[in-house]
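Using the sequences provided together with the hints, build the complete structure.
There are 2 protein chains.
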Amino acid sequence: MDYNFSKIMDSIKPSEIRELLKFASMPGMISFGGGMPNPLSFPLDEIKKIADDVIVNNGKLALQYGNTGGLPELKDEIAKLLLRTENIKTEGKNVIVTTGSQQALYAMGKIFVNPGETVMTEAPTYIGAISAFVANGVRMRGVPMDENGMRTDILQEKLDKLKSENIKPRFIYVIPNYQNPAGYTMSTERRKHLLDIAQDYKIPLIEDNPYGELRYYGPKMESLKSMERENEVIYLGTFSKVMAPGLRVGYVNADEKVIQKVNLLKQGLELATSSLSEFIAYEYLKRGIMLKQVPKTVELYRGKRDLMIKALEKYFPEGSTWSKPNGGMFIWATVNENIDTTKMAKRALENKIAYVSGASFYPDDVKRNNMRLNFTFSTDSEIEEGVKRLSKVVEEEAREIAAS
Amino acid sequence: MDYNFSKIMDSIKPSEIRELLKFASMPGMISFGGGMPNPLSFPLDEIKKIADDVIVNNGKLALQYGNTGGLPELKDEIAKLLLRTENIKTEGKNVIVTTGSQQALYAMGKIFVNPGETVMTEAPTYIGAISAFVANGVRMRGVPMDENGMRTDILQEKLDKLKSENIKPRFIYVIPNYQNPAGYTMSTERRKHLLDIAQDYKIPLIEDNPYGELRYYGPKMESLKSMERENEVIYLGTFSKVMAPGLRVGYVNADEKVIQKVNLLKQGLELATSSLSEFIAYEYLKRGIMLKQVPKTVELYRGKRDLMIKALEKYFPEGSTWSKPNGGMFIWATVNENIDTTKMAKRALENKIAYVSGASFYPDDVKRNNMRLNFTFSTDSEIEEGVKRLSKVVEEEAREIAAS
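Read top to bottom, the protein sequences are chains A and B.
Mapped onto our numbering, the consecutive letters of the first sequence carry residue numbers 34 to 437.
Mapped onto our numbering, the consecutive letters of the second sequence carry residue numbers 34 to 437.
FYI, nobody ran anything at the bench for these hints, they're computed from the structure.
Some clues are possibly wrong.
Given that identical chains are not distinguished, each listed pair holds provided it fits within a single copy or across any two copies.
[As the list claims (entries may be wrong)] Quick list of in silico lysine-lysine cross-link-like pairs, DSSO-like style, CA-CA up to 30 Å:
no.: 1; residue 1: 40; residue 2: 196
no.: 2; residue 1: 225; residue 2: 357
no.: 3; residue 1: 82; residue 2: 93
no.: 4; residue 1: 385; residue 2: 93
no.: 5; residue 1: 319; residue 2: 82
no.: 6; residue 1: 93; residue 2: 319
no.: 7; residue 1: 55; residue 2: 290
no.: 8; residue 1: 126; residue 2: 46
no.: 9; residue 1: 225; residue 2: 122
no.: 10; residue 1: 290; residue 2: 376
no.: 11; residue 1: 113; residue 2: 201
no.: 12; residue 1: 46; residue 2: 290
no.: 13; residue 1: 55; residue 2: 122
no.: 14; residue 1: 46; residue 2: 201
no.: 15; residue 1: 191; residue 2: 343
no.: 16; residue 1: 290; residue 2: 191
no.: 17; residue 1: 126; residue 2: 385
no.: 18; residue 1: 55; residue 2: 319
no.: 19; residue 1: 357; residue 2: 93
no.: 20; residue 1: 55; residue 2: 113
Quantities reported herein were computed from a predicted structural model and do not represent experimental measurements.
See the structure below:
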C-alpha cells in the first residue's frame with residue numbers, strides 16, 4: 034500500500050545527531066556527539082534499593098496508570114527542590130510532571146503556537162527544542178549569543194522589527210545556564226533585561242534549565258523564574274542530568290493556566306508518565322540521594338571539562354576557538370570559517386571520532402564552522418585521544434580546502 | 034501575564050473521564066468509570082526480581098537514554114509475541130516501541146492526517162483515540178456497530194458518500210476485539226470485508242488490539258494484520274493490560290515507512306521511552322512471565338465479567354440492554370432513551386457510583402443514553418453493590434423524567 038503522510042511529517046528530516054548514534058557504537062569510535070550523562074553518575078545500589086522498596090510498598094500504584102499531572106507527592110517534592118536549588122517559591126499545583134523535558138518542549142510548541150507562528154530562541158539552540166518546535170509547525174527566529182548568553186539588545190531590535198511586520202512571537206525560549214550547545218551562561222544584567230523585555234512586549238519566557246545543578250565554576254546564577262514579576266516565566270526542569278535519563282522524568286513549573294493546558298495535551302499524548310519512574314524519582318528526592326549524588330557528579334564532570342579544555346589547548350589547530358563553560362555538558366568549538374563541519378563529519382568518522390556539527394543547532398541562519406563537543410560521557414583517556422584525532426581531522430580538512 | 038494559547042488547545046475540553054477520576058477516590062465510592070487493570074494481575078514478586086536483575090546487570094543502560102525506536106531486544110521479543118499470539122509474521126525492524134498505546138494513537142493522528150482532514154472510526158470508539166485525534170485537528174466520522182463489530186456495509190456507504198464530496202479519509206481506526214467501550218468483537222466476515230474495503234479504497238487500517246489476550250469466551254479471532262495483503266494494516270499493541278500500565282510500554286507493528294515516521298515524530302515528542310520500562314518489559318516477555326500470568330488474569334476477569342452480567346440481569350431496570358463481551362474490560366449499557374447519562378452522572382455520584390457516560394465515546398453524532406461499565410478493577414462485592422446502586426439511580430432518573 035502507498036501511504037500518504039501528513040505534510041508536516043514529510044517536511045521533517047532525521048536529525049544528524051540520530052544518524053550519528055549509529056556510528057557511536059562502532060568499535061574504536063570515540064563519540065563527543067551525544068548528550069549523555071556518564072553512567073558513573075548513576076548510584077546503582079541506591080536506585081536498586083529504591084526500586085525494591087517501591088515495588089514492595091507501593092507496587093500496586095507504581096505499576097498502575099498514574100495521574101496525567103503526575104504523582105502528587107512527587108510534585109510536592111519538586112516544589113521543595115525548586116525552592117532549595119533555584120529560590121523559586123511554588124507549590125505542587127504549579128507543577129506538572131512530563132515524560133522528560135522533551136515532552137515539555139513539545140507541549141510548549143503545541144500549546145502556545147499556531148502552526149506558522151513565530152518564537153524567539155538563542156542561536157545556536159538545543160537541537161531537541163528545534164525538533165519539538167518544528168514538529169508543531171513553529172517558525173524560529175534566532176538571536177545571537179556571546180559569552181554572556183543571548184544578546185538581549187539584538188533580541189529587542191528583532192522584536193521591534195517583527196512588530197513593524199505585525200508579527201508577535203509567542204514565546205522566547207532560553208537555556209540561561211551552561212547553554213546547550215554553546216556552553217555559555219547568561220549574565221545577571223542580561224537576565225534582568227530579558228525579563229524587562231518579556232514585560233514590555235508581553236511575551237512569555239521559557240526558561241529551560243537542565244544543567245543548573247552541574248556547576249563547576251563561577252557563582253550560582255539566579256533563575257529567571259525566581260526573578261519574575263507576574264508569572265511571565267515558564268520553567269522547565271528534568272531529572273535526566275541529575276538522576277537518570279532512562280526514567281524519563283521532567284517537569285514544568287508555571288502558572289496554573291499553563292499547567293492545565295499541558296495536562297490537557299498530555300491526556301492525548303500518552304495519558305501519564307510512567308508511575309514506576311515517578312515513584313523512583315520521588316524516593317530519590319525524598320531520601321536526599323540527589324543532594325548526596327550531585328556533588329560527586331559535579332566533581333567527575335569538572336575533571337572531564339578541564340581535561341577537554343587542556344586537550345583543546347594542546348592539540349587544536351591555531352585559529353580555532355572554544356567556549357569555556359562553567360557547567361553543563363558541552364563545549365562549542367569554532368574552526369576556520371572555510372570549514373563546513375557537516376561535510377567534515379565523514380572524515381571524522383573515518384578517523385573514529387564523532388561530534389555534532391554546529392549547523393544542526395541553528396534555528397534559522399545557519400553557521401557552518403562550529404561543532405558541539407560533549408565531555409561528560411567519554412572516559413578521560415578517550416577525551417585526550419578524541420581531541421587529538423579531531424585536531425588531526427580539522428587540520429587535514431583545512432589543508433585540503435586550502436589546496437583546492 | 035495574560036497567556037495566548039493556540040487555537041487547537043483552546044478548542045479541547047477536559048474529558049469527563051478525567052473529571053471522574055477525582056471522584057473515584059472519594060470514600061465509599063464504587064467506580065466502574067476507569068479502564069484500569071486489577072492490581073491483582075500484577076505479579077509483584079516477579080516484577081521485583083526483574084527490576085533487581087535489570088538494575089544489577091544492565092543498570093548503566095537501563096538508566097541511560099535509550100534508542101528512539103526502542104530497545105532492539107525488546108523489539109525482537111515483540112515480533113515473537115506477535116507471531117505466537119496473533120499469527121503475525123514480522124521482524125524487529127517493523128516494530129517501534131511507544132510510551133503506551135496512547136502515544137501510538139497520537140502518532141497516527143499526526144503522521145497520517147493534515148489538520149482538518151478526516152478519519153473513520155467505530156461509533157462509539159475509544160475515548161483516548163478521540164483525545165489523540167482531536168489534539169491533531171483530525172475530523173472523525175463514526176460508523177455504527179452491532180454485536181459483530183463495525184457495520185462495514187455502512188462504512189462502505191459512508192466512504193462512497195465522502196468520495197462524492199471529494200473527501201478521502203486518511204485511515205480507518207478499529208478495535209476489533211472486545212471493543213472499548215462497546216465490548217463487541219468483529220466477526221470474521223466483517224474483518225474480510227474491512228480488508229477488501231481498505232484495498233479497494235486504498236485507505237490504511239489501524240488495528241488497535243489492547244485486549245486481544247483477555248479472552249474469556251468464544252474463539253480466538255484472526256488479527257487483521259495477519260490477514261492483510263499488502264501492508265495495509267498498522268497494528269497497535271500495548272503491555273498495559275497484560276503486564277502493567279505503569280510501565281507505559283506499547284508498540285506499533287507496520288511497514289518500515291510508517292515505523293520511520295513514528296520514529297521521527299518520537300524524537301520531537303520525548304526522545305525515547307523509559308529504558309528501565311523497556312528492560313523490564315523485555316525480561317517479562319523473555320522469562321515467559323506473560324505466558325504464565327495471562328491465564329490467571331483471564332480467570333480473574335472472566336469471573337468479574339460474569340458477576341457484573343449476573344448483577345445487571347438481577348437488578349437493572351427493564352428496557353435496559355447491555356453488551357455481553359467475550360473478553361476485554363468493558364460492558365456497554367443502554368438505558369431508556371429519555372435518559373441522558375451525562376446528566377444522570379450527578380445523581381450517580383451522590384449515590385457513590387461512577388461510570389463514564391456514553392456521549393464521551395462518540396466521534397461525531399452523539400448518543401446520550403449509554404454508559405461504559407468497567408468490570409476489571411472493582412472487587413466482586415463492589416461489582417454487585419455497584420450495579421445495585423446504579424440500577425436505583427437509573428430507576429430514579431427515569432421516574433423523574435416521566436414525572437416532569
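- Item | Violations among the numbered hints | Going through the list in order, the structure violates hints 11 and 15 and respects the others.
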